[in-house]
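Protein chains: 4
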Amino acid sequence: MEQITAGVVGYGYWGPNIVRNFSEIDSVALKYICDLNPEHLNRHKNRYPAVRFTPDYQELLDDKSLDAIAIATPVSSHYALAKQALLAGKHVLIAKPMCKSSSECEELVAIAEEMKLTLMVDHTFVYHGPVRLMKQLISAGELGDLLYLSSVRVNLGIFQSDVNVIWDLGAHDFSIMDYLLGNKMPTALHAIGKSHTDTNFEDVVFLTLEFEDNFIAHFHVSWLSPVKIRQMLIGGTQKMLMFDDHRPIEKVCLYDKGIELSKPPQTERERYRALIQYRNGDMRAPVYDLTEALKFETLHFIDCIKNNKTPITDGRSGLRVVRLLELADASIKSRTVLPVNVGR
Amino acid sequence: MEQITAGVVGYGYWGPNIVRNFSEIDSVALKYICDLNPEHLNRHKNRYPAVRFTPDYQELLDDKSLDAIAIATPVSSHYALAKQALLAGKHVLIAKPMCKSSSECEELVAIAEEMKLTLMVDHTFVYHGPVRLMKQLISAGELGDLLYLSSVRVNLGIFQSDVNVIWDLGAHDFSIMDYLLGNKMPTALHAIGKSHTDTNFEDVVFLTLEFEDNFIAHFHVSWLSPVKIRQMLIGGTQKMLMFDDHRPIEKVCLYDKGIELSKPPQTERERYRALIQYRNGDMRAPVYDLTEALKFETLHFIDCIKNNKTPITDGRSGLRVVRLLELADASIKSRTVLPVNVGR
Amino acid sequence: MEQITAGVVGYGYWGPNIVRNFSEIDSVALKYICDLNPEHLNRHKNRYPAVRFTPDYQELLDDKSLDAIAIATPVSSHYALAKQALLAGKHVLIAKPMCKSSSECEELVAIAEEMKLTLMVDHTFVYHGPVRLMKQLISAGELGDLLYLSSVRVNLGIFQSDVNVIWDLGAHDFSIMDYLLGNKMPTALHAIGKSHTDTNFEDVVFLTLEFEDNFIAHFHVSWLSPVKIRQMLIGGTQKMLMFDDHRPIEKVCLYDKGIELSKPPQTERERYRALIQYRNGDMRAPVYDLTEALKFETLHFIDCIKNNKTPITDGRSGLRVVRLLELADASIKSRTVLPVNVGR
Amino acid sequence: MEQITAGVVGYGYWGPNIVRNFSEIDSVALKYICDLNPEHLNRHKNRYPAVRFTPDYQELLDDKSLDAIAIATPVSSHYALAKQALLAGKHVLIAKPMCKSSSECEELVAIAEEMKLTLMVDHTFVYHGPVRLMKQLISAGELGDLLYLSSVRVNLGIFQSDVNVIWDLGAHDFSIMDYLLGNKMPTALHAIGKSHTDTNFEDVVFLTLEFEDNFIAHFHVSWLSPVKIRQMLIGGTQKMLMFDDHRPIEKVCLYDKGIELSKPPQTERERYRALIQYRNGDMRAPVYDLTEALKFETLHFIDCIKNNKTPITDGRSGLRVVRLLELADASIKSRTVLPVNVGR
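Chains as they are written, first to last, in our numbering: chain A, 55 to 398; chain B, 55 to 398; chain C, 55 to 398; chain D, 55 to 398.
Treat the hints with care, since some could be wrong.
As the list claims (entries may be wrong) - No more than 20 Å apart at the CA atoms, straight line, and that leaves these computed lysine to aspartate or glutamate pairs for EDC-like:
{"id": "1", "chain 1": "B", "residue 1": "K282", "chain 2": "A", "residue 2": "E314"}
{"id": "2", "chain 1": "C", "residue 1": "K238", "chain 2": "C", "residue 2": "D199"}
{"id": "3", "chain 1": "B", "residue 1": "K360", "chain 2": "B", "residue 2": "D80"}
{"id": "4", "chain 1": "C", "residue 1": "K99", "chain 2": "B", "residue 2": "D80"}
{"id": "5", "chain 1": "A", "residue 1": "K282", "chain 2": "B", "residue 2": "E304"}
Stated by the list, open to error - If you want a taste of the chain B side facing chain D, the calculated C-beta under 10 Å gives, among others:
{"id": "6", "residue": "I303"}
{"id": "7", "residue": "E304"}
{"id": "8", "residue": "C307"}
{"id": "9", "residue": "D310"}
{"id": "10", "residue": "N334"}
{"id": "11", "residue": "G335"}
{"id": "12", "residue": "D336"}
{"id": "13", "residue": "M337"}
{"id": "14", "residue": "R338"}
{"id": "15", "residue": "A339"}
{"id": "16", "residue": "P340"}
{"id": "17", "residue": "V341"}
Hints in this document: simulated from the structure, not taken from any laboratory. Where a beta carbon is used, it is the ideal one built from N, C-alpha and C, also for glycine.
All chains should be built: construct the whole structure from the sequences, respecting the hints.
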C-alpha cells in the first residue's frame with residue numbers, strides 16, 4: 055500500500071518529536087509543518103526541505119491529498135483543530151490531554167465514529183516498552199488479582215502556563231492506568247492540591263481512586279520536588295511489581311512476594327501469633343522492547359489508518375482520561391470525594 | 055547524682071531493646087523485667103542476672119525504690135499500666151502509639167502534670183540522627199518557609215494483630231512531623247484506606263493533612279509493598295530536602311533548588327514564555343549523629359527525670375499523634391475530609 | 055550427643071561475636087573467655103555469668119574437659135596459640151588470616167591431621183548467604199564456563215596496626231574465590247600497592263591472578279576510599295552475576311547476558327560488520343539464606359567436630375589463602391609477576 | 055569574524071554526531087560529508103541539503119575554501135587522512151585514539167606545528183561537564199595532594215573489529231587522567247589482559263600506572279561485564295571524590311573525608327591503639343555544566359582555529375595517550391612492568 059500523507063500542527067516543544075518520527079517512517083510522507091509562531095516555524099527548514107512550513111492551517115484542511123493530521127498545540131486549541139480536521143476527512147492524532155473538557159472529547163469521538171476516521175490520542179507512555187511489558191505481565195495473570203496501584207511522578211517544573219500539574223503529569227498516569235487495568239473502572243475519586251505560586255494552578259496534587267472490588271489507585275504528582283521520581287508500584291495476590299522509569303535499565307522489577315492469611319484466631323492466646331504469612335521469592339527484571347515509545351506509537355497510528363483498526367489509545371480512552379482530570383479539579387475545589395463514571 | 059532505678063513491662067518484640075539500652079547506661083539501675091507471657095519472661099535470664107523477672111506488675115508498683123517504668127506492651131494495655139504507674143509515683147516511658155484513644159492520653163497527661171512526673175512517649179524516630187539533623191536544618195531556616203511534606207513508609211508486613219497500618223507505621227510519621235513542624239498545626243485531614251485481608255484492619259492508607267498557610271503534608275503507608283521504602287520529601291521556598299532512611303549512608307540530602315515566580319504575563323504573547331524560574335544549585339549531604347536513636351532517647355528520658363525537663367516527645371506530643379490517628383480512622387470510615395484540632 | 059565444651063581466646067574486636075554465637079548454640083557449652091588485656095577481659099562479665107574469664111591461656115590447655123578453642127587474637131599469635139591447642143588435643147577455629155606465614159599454616163595442618171583434630175579457619179564470608187548462593191549457581195552450571203572474577207572491596211579505614219590492606223580485606227576475597235572456584239587454581243600473580251602513611255603498610259592494592267585456562271581474577275582493596283564498595287562481578291559463557299554486599303537486599307543479581315562469536319570475517323567488507331552477537335535476557339535476583347554468616351559457620355564447626363567432617367574452610371584452604379597473601383607481598387616488593395602454586 | 059568552512063570524513067558511528075554539532079554552530083559552514091561506504095553516504099541527504107556528500111576525499115583536500123577537516127574513520131586510517139589534510143593546509147580534528155602508533159602521532163604533531171595549524175584530538179570526555187568540574191575542584195586544591203585515581207569502565211560490548219578494549223575504552227580514561235593530572239606524569243605501567251573470543255583482541259584489561267610521588271592510577275576496562283559501570287574514585291589528602299557517569303544526576307560527589315596519621319607507637323601498649331584518625335564530613339554534589347560535551351568541544355575547536363589557541367586536547371595530549379596505549383599492549387605481551395615516559 056502507498057504512503058500516508060501527513061501534516062503536523064504545532065511545532066513548539068512536542069511537535070518536533072512527532073515530525074522527526076514521521077520523517078523516519080517509510081510509510082509516511084510528511085507534507086506540512088504548521089505553526090502560528092514565526093519563531094517555531096523558522097526552525098529546521100533546512101532539515102526538512104521537502105516539507106511545506108506554513109502558518110495557515112486551512113492549507114492542510116484544503117489539501118485533498120492529505121490523509122492525516124497530528125495536533126501538538128496547547129490543549130485549549132485541540133478541540134477546534136481536531137474538529138476541523140475530522141470534518142475535512144483527515145485522520146487525527148491529538149497530543150495529550152485530548153481536550154480541555156469531556157464534552158469536547160465526546161463530540162470528537164462522535165464525529166470520528168460517524169466519519170469512520172481514526173482518532174487517536176498521543177498518550178505516549180502507553181507505547182513505552184516497560185509499560186507494554188507490565189500490560190503483558192498483568193494480562194498473563196502473573197500478578198493474580200490486582201490489589202493496588204500507587205504512582206509517584208514528581209520533579210522540579212516544568213510549570214505549564216495553562217494547566218495545573220494533574221492535567222500535565224497526571225494525564226500520563228491516568229492513561230497508563232487506563233491501559234493496564236482494562237475493564238476495571240474507578241467508582242470514586244478524591245484529590246487534594248495546592249498552588250504555591252500566584253498562578254493558582256496547583257503544583258502538588260495527591261489523588262486517590264477507589265474501585266468496586268476493593269482495588270485502590272493513588273497518584274502523587276508535583277512540579278515542586280527537588281528530585282525526579284517516576285515510580286509505580288502494583289500489588290497483586292500472586293506477585294507485585296515496581297516500575298521505576300528513572301533507572302537507566304531494569305525499569306520493571308517483578309517480585310514473587312505476597313501475603314497469605316491464616317485462619318482467624320480462635321482463642322485469646324492465638325491473638326498473639328502472626329496472622330499473616332509472607333512469601334518471599336525471587337525478583338526478576340524481564341527484558342522489554344527498547345523501541346522509542348513515540349516511534350512505536352506513530353507506527354501504530356499508521357497501522358490503524360491503513361487497516362481500519364481501533365487504536366489502543368483511541369478517542370474513548372482519551373475521553374476517559376479527561377473525565378478523570380475534570381473530576382480531579384472538581385474534587386480539589388469541592389474538597390469532597392466524588393463518584394466516578396468514566397464510561398467505556 | 056545517683057542512679058535511676060527502672061523496670062520494663064512488656065518483654066516481647068520491642069521491650070528487649072529498651073532493656074538493652076537501660077542496661078548499658080551507667081545512670082540507670084535496671085531492676086525489673088515484667089511480662090505475662092512465660093515464654094517471653096524465660097528469655098535472657100542469664101544475660102541479666104541482677105534483674106528480677108516477674109509476671110506480677112504489682113511488684114513494680116509496690117517497690118518504693120523504683121523510680122521509672124517503661125511500658126512496651128500492646129497498645130490496648132498502655133493506659134491502664136501507665137495510670138497505675140503514675141499513681142504509684144513512677145516516671146513513665148510509653149511505647150508508641152501512646153494509648154488507644156485521645157481521652158486515655160488526656161487523662162495520663164493530666165495525672166502526670168498533677169503528680170509532677172515525667173511522662174514520655176517512645177517515638178523513637180524523633181531521636182534518630184537524620185531526623186534531628188532535619189530539625190536543625192529547618193530551625194536554622196535553611197529551607198525557608200515550608201511548602202509541603204510528603205512521606206512514603208511502605209514494606210511487606212509486619213501485620214499487627216490489633217491495629218491497622220496507620221496506627222502502626224503512620225504513628226512514626228506523625229511523630230516526626232510533629233517534631234519537625236513545631237508550631238505549625240494541621241487544620242484538615244483526609245484518609246483513604248483499604249484492607250485486603252479478612253482482618254478488616256487497613257493495610258494500605260493514603261492520608262493528607264492541610265494547614266492554615268497552604269502547607270500540605272501527605273503520607274503513604276502500606277504493609278503490602280514488595281519493596282521497602284522510607285522516603286520523606288520536604289520542600290521550602292529556599293531549599294528542599296530528601297530523607298531516605300533505607301540508604302546505608304547520606305540519608306539526608308539538602309538541595310539548593312527552588313522556583314521563583316516571574317511577573318504575570320501582561321500580553322497574550324507573554325503567555326508563551328516561562329512564568330517560573332528554576333534555581334538548580336548544589337546538593338549537600340550533611341553528616342549526622344550516628345548514635346542509636348533509642349540510646350539517645352533513653353538518655354534523654356533519664357535527663358528529664360533528673361533535671362525536671364519536659365521531654366521532646368512528652369505526653370502532649372503523644373496525645374497530638376493519637377488525635378491524628380483517631381481522625382484518620384474516622385475519615386476512612388466517613389469518607390470525608392475532617393477538621394483537625396490537635397491542640398498544643 | 056552431648057555438648058561441645060569450648061573456650062575463646064582473644065576478646066577484642068571479633069572475639070565477642072564468636073562468644074555470642076557460641077552462647078546461643080545449644081550444642082555448645084561456652085566455658086572460657088581468655089584475653090591478656092584486662093580492659094577486654096572485664097567486659098560483659100554480667101552477660102555471661104557461667105563463663106570463666108581468665109588471662110591465663112594455660113588454664114584452657116590444661117582443662118581435659120575442654121573440646122575446642124576459638125582463636126580471635128592478632129594474627130601474629132595465631133600459630134603459637136593454635137599449635138598449643140592442637141597439641142593439647144583441642145579442636146581449633148582460627149580467625150583469618152590463618153597465620154602470618156605459609157610455613158606456620160603447613161605445620162598446623164600437619165599437626166591437626168596427625169592428631170585427627172578439626173582445624174578450621176574463620177573465613178566468615180564463605181558462610182554468608184549470598185556467597186553460598188553464588189556457589190550453588192556456579193556449581194549448578196548456570197554461568198557456564200567461568201571467564202573472569204573482578205572484585206572491589208574498598209572503604210575508609212580501619213587501618214590495622216600489624217598488617218597491610220591485602221592481609222586485611224584481601225583475605226576475605228581470596229577465601230571467597232577459593233570457595234567459589236573449587237579446583238580452578240591460579241598460576242600467576244601480580245600486585246601493586248602503595249602506602250600513603252608512615253606505617254609502610256600498603257593501604258591501596260591492585261592484584262591480578264591468572265589461571266591456566268584463560269580465566270582471570272582481579273582484586274581492588276583499599277582503606278582510602280571515600281565510599282564503601284563491596285562488589286564482585288563473575289562472568290561466564292552462559293550467564294554473568296554481580297554480588298553487591300553493600301545493598302540491603304537483592305545482593306546477588308544473575309544476568310542472562312553473554313556474547314557469541316560470529317565466524318571470522320572472510321572478506322574485507324565483512325570486517326565492518328559486528329563480529330560479536332550479544333545476548334540480553336532477564337535479570338534475576340534469587341533469594342538466599344539470611345542466617346548470620348558466623349552463626350552458620352559456628353554450627354558447621356560443631357558439626358565437623360561431632361561428625362568428623364572436613365570443614366569447608368579447613369586448614370588447607372586457610373593455607374592456600376596465606377600463600378596468596380605472601381605472594382602478594384612478594385610481588386609488590388619485587389615489582390614482578392610471580393608464579394603461583396597454592397597446592398590443594 | 056566569518057564562518058569556518060568544514061568537512062567531515064567518516065560517516066559511520068561517530069561522524070554523524072560531529073556533523074550534527076557542526077550543523078548547529080553558527081560559526082561553522084559544513085560543506086562536505088565524505089565516506090567510502092555507500093550505505094553510510096546515502097543517509098541523511100535530506101537532512102543536510104546544503105552539504106556535499108562525496109566518497110572522494112581528494113575533493114576536500116583540493117577545495118581551497120575549506121578550513122578544517124574532522125576525521126571520524128577507523129583508527130588505522132587516521133594518520134594518512136590527517137597528514138594529507140595538514141599538508142593541504144587544513145586544521146584537523148581527529149577521533150580518538152589519535153593514531154595507531156606513537157610515531158604516527160609524532161609526525162602529525164611535527165607537521166601541524168610547522169604548518170601552524172590547529173591539530174586537536176576528539177577526546178570527548180575531557181569536555182564533559184562533570185569532568186571539567188573535577189578539573190576545577192582539583193586545580194582549586196580542594197582535594198589537597200592527590201593520592202590515587204581508580205577507574206572502572208565496563209559494559210557488555212561493543213566489540214571493535216580492529217582494536218582491543220584498552221584502545222577503545224581505556225583511551226577515554228587516559229585522556230581524562232591526562233587532563234586532570236596536568237604535570238603529574240606516570241613512570242611505570244603494568245597491564246594484564248585476556249581475550250575470551252577468537253579475535254585475540256583483549257576484552258578485559260587491568261592496568262596500573264605508578265608515578266614518582268607515590269600517586270597510583272588504576273584502570274579496569276571490559277567489554278564482558280553484565281552491568282555498565284562508569285566510576286572513577288580520586289583520593290586526596292584533603293578531600294576525595296567519586297565520579298559516577300552512569301547516574302542521571304549528581305555525577306560528581308565530593309567527600310570531606312580523609313585520614314590523619316597519629317604519631318607512631320612508642321610502647322608495646324600503644325601498638326594496640328588506632329594509629330589513624332578519620333575525618334568524616336559532609337558530602338557535596340556540585341552543579342556542573344550540562345552542555346553536550348561534543349558541542350563544547352566543537353566550539354573549542356573553532357575558537358582555537360580562529361584565535362590561534364592551543365587546544366586542551368592538542369596533538370601532544372593525543373600522543374601521550376597513544377604512548378600509554380602502546381605500552382599497555384607491550385606490557386600485556388611481555389608480562390612485565392614497563393617504564394613510562396610519555397613526554398610533555
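**Message:** Next item in the hint list is P340 of chain B. Is there a CB on chain D closer than 10 Å to its CB?
**Reply:** For P340 of chain B, the interface hint holds, since the closest Cβ of chain D sits about 5 Å away, which is under 10 Å.
**Prompt:** Do the alpha carbons of K360 of chain B and D80 of chain B lie within 20 Å of each other, as the hint requires?
**Reply:** holds, 14 Å
**Message:** Holds or violated: the hint that I303 of chain B contacts chain D, with Cβ atoms closer than 10 Å.
**Reply:** With a minimum Cβ separation of about 8 Å from chain D (threshold 10 Å), the hint on I303 of chain B holds.
**Asked** Per the CB criterion, is V341 of chain B less than 10 Å away from chain D?
**Response** Because about 6 Å separates V341 of chain B from the closest Cβ in chain D, which is inside the 10 Å limit, the hint holds.
**Asked** Close enough to count: is the Cβ of C307 of chain B nearer than 10 Å to one in chain D?
**Response** Holds, because the Cβ-Cβ distance from C307 of chain B to chain D comes to roughly 8 Å (cut-off 10 Å).
**Message:** A339 of chain B was flagged as interface toward chain D. Is the shortest Cβ-Cβ separation under 10 Å?
**Reply:** A339 of chain B check passes; min Cβ-Cβ to chain D is 4 Å, inside 10 Å.
**Item:** Status of the hint placing G335 of chain B at chain D (closest C-beta pair under 10 Å)
**Value:** Since the shortest Cβ distance to chain D is 6 Å, the answer is holds.
**Asked** Hey, K282 of chain B versus E314 of chain A, does the alpha-carbon distance stay inside 20 Å?
**Response** holds, 19 Å
**Asked** Under the criterion of a CB-CB separation shorter than 10 Å, is E304 of chain B in contact with chain D as hinted?
**Response** The hint holds - E304 of chain B has a Cβ within 10 Å of chain D, the shortest such distance being about 6 Å.
**Request:** Using 10 Å as the Cβ threshold, decide whether D310 of chain B counts as touching chain D.
**Result:** D310 of chain B check passes; min Cβ-Cβ to chain D is 8 Å, inside 10 Å.
**Item:** Minimum beta-carbon distance criterion (10 Å), D336 of chain B to chain D
**Value:** Constraint on D336 of chain B satisfied, holds at 5 Å.
**Asked** Does the alpha-carbon distance linking K238 of chain C and D199 of chain C stay inside the 20 Å limit?
**Response** holds, 11 Å
Comparing the model with each earlier hint shows no violations; every hint is respected.
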